[in-house]
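Quick mapping for you: the protein sequence lines, in order, are chains H and F.
Each residue of the first sequence is one higher than the one before, starting from 1 at the first, in the working numbering.
Each residue of the second sequence is one higher than the one before, starting from 1 at the first, in the working numbering.
Just so you know, not all the hints are guaranteed correct.
To be verified - Simulated restraints on C-beta separations: (1) H:108 - F:44: 15 to 21 Å; (2) F:81 - H:65: 23 to 29 Å; (3) F:44 - H:37: 40 to 46 Å; (4) H:78 - F:15: 24 to 30 Å; (5) F:35 - H:109: 25 to 31 Å; (6) F:83 - H:70: 43 to 49 Å; (7) F:32 - H:78: 57 to 63 Å.
Honestly, the hints are just simulated from the structure, not real lab data.
Every residue gets a Cβ at the ideal spot worked out from N, C-alpha and C, and that includes glycine.
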Amino acid sequence: MKFGIVTFPASNCDYDAYQAVVETLGEEAVFLWHKDHDLQNSDVIVLPGGFSYGDYLRAGAIARFSPVMQDVIEFAKHGGPVLAICNGFQIACEAGLLPGALMRNMSLKFVCEVVRLRVETTDTMFSNRYAAGAELRIPIAHGEGRYTADAETVDRLEGEGRVVFRYIGGPADADEWWSPNGSTRAIAGIVNEAGNVLGMMPHPERAVDPLLGSADGLAVFESLLARVAV
Amino acid sequence: MSRFRVAVHITPRRGILDPQGKTVAGALHTLGFAGVQDVHVGRYVVVELDANDKAAAEKSTREMCERLLANPVIEDFEIESGEAI
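Looking at chain F on its own, in the form it has when it is part of the complex (with noise of 0.2 Å):
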């Protein structure tokens, strides 16, 4: 067993409305950012755990995204490569 950071994007799924992403992009007009054409925001969670391999460590926390972490419904997420801490 090796300790694994992982972390994982969670962002609204696409085609359902943001508004926050649109309040923000709107805010970002305001300050001359003319060529923002949209903006999501969402939660960055960072898992620390105890796994066999890198591999084993972001499969469990695919896991822990279908199960907790996202709403399938409403939010997608991406795993960004694990890392041995």
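Excised from the complex, chain H in its bound form (with noise of 0.2 Å):
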């Protein structure tokens, strides 16, 4: 299976990505430059996390109207199966590939810490290799990682099965919601309507070995290399 990772000038964990398909997941991983019109054949798309555009005008706006981006919106909008992770998930929402908006922290502060979560479902092509309810340890590192959306579309997302993780945890007194950036509904990530292109804020392809801390984001990998047909 090949990983197309984009490269958008200020992405910096587009190395991450490349090392977690390669070294960890043993597939073949190949960088697309955001100025090129070429997806080079990819099976997947990975979104990196970053500062793209230095995140002027708002985190991920800009981005979104790179040369590279016109053809991941075509490719997701054929189906293609695109990885969109924390700067990613902000380009994918900017994009309109997914719905609702991440905005400032409520603390106003950038958080970098890992977390943990919980796999709401997996019945996704991106979730499958999780137990249902697993709870996992994955790093966050952003500003601007508080998921908006209206109530309407907040209420359809959960309806339709497509909040893929959610933060848990938090202080004692904290309540059902609580996530580390004031997310609606504690949600760390979604699916779109099609299911085939997921956005979430923390970093699975940070946690891929104990030597990082966790593996527990692994198997957002091999439930792809599971369920995309190559």
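Using the hints, put the two chains back together into the complex; each one sits in its own frame.
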């Protein structure tokens, strides 16, 4: 399976994604330059974390208009799998591939820590290798990760089983929807209506080996491997 | 064609939590501005562009807002009257 990892100016997790795919998963990966109109016949596209275009205007707002994104949008519209992590999630929302937006963290602080997540559905091409309800430890590192959408959209996401990952944990007095960034209903990751685009703020590519502190993110990649026909 | 300057105010959409505005409001209370009820922090964008007339300059700027400058999911925008420069 071939993963195409997009490199925007100021992407900084593209190499992490590459390492996860090539070293840990044992599959092929190529970098896709943001100025090119060439997805190099990739089976899966990764929109990696980082600070594309300096997060100018809004995180992801400028990257969505880069040449390669026009091809990624077409790819996604035809059912191609897109794994959008962190800044990738922000870009996917700005591009209209996913509903909602990622706003400034409630704390107004950049949060860089390992958080706990719960797998809310295993019925997606990104989560089928997890056990239902599994609790994961995966790092986050973002300043704009507060998932925001209108109530109707959020109800729809919940009703259609499109919330894939949710933050759990927090202090003892935390309420049901506690999250490290103030996300609506503690949403950490969602899929689009067709189920082929996953956006998540946590970094599964940084949690693929016990040496990194956790291997809980690896199953995202293994799920794709199991489900996507090459 | 003439050159125009059009300014745009972009603010968090009403009803959407604006922690930055809330924090600033708290600081203003601390300074003794007890009457402050709410604060919204947004962006101010100034576009200089060539257009046939003022109306065309404003129309073009509105389209820029809809497509890039503002995100309709979370932000409102307001275009100030354009001026020839």
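Structure-based check of all given hints:
The hinted range of 15 to 21 Å is satisfied by residue 108 of chain H and residue 44 of chain F, whose Cβ atoms lie roughly 20 Å apart. A hinted range of 23 to 29 Å holds for the C-beta pair residue 81 of chain F and residue 65 of chain H, which are about 28 Å apart. Roughly 35 Å separates the CB atoms of residue 44 of chain F and residue 37 of chain H, a value that falls outside the hinted 40 to 46 Å. A C-beta distance of roughly 36 Å is found between residue 78 of chain H and residue 15 of chain F, which places it outside the suggested range of 24 to 30 Å.
Between residue 35 of chain F and residue 109 of chain H the C-beta distance comes to about 29 Å, which sits within the given range of 25 to 31 Å. Range check, residue 83 of chain F to residue 70 of chain H: Cβ separation about 35 Å, and the 43 to 49 Å hint is violated. Taking the beta carbon of each, residue 32 of chain F and residue 78 of chain H are about 60 Å apart, inside 57 to 63 Å as hinted.
The structure does not agree with the numbered hints 3, 4, 6 stated previously, though it agrees with the rest.
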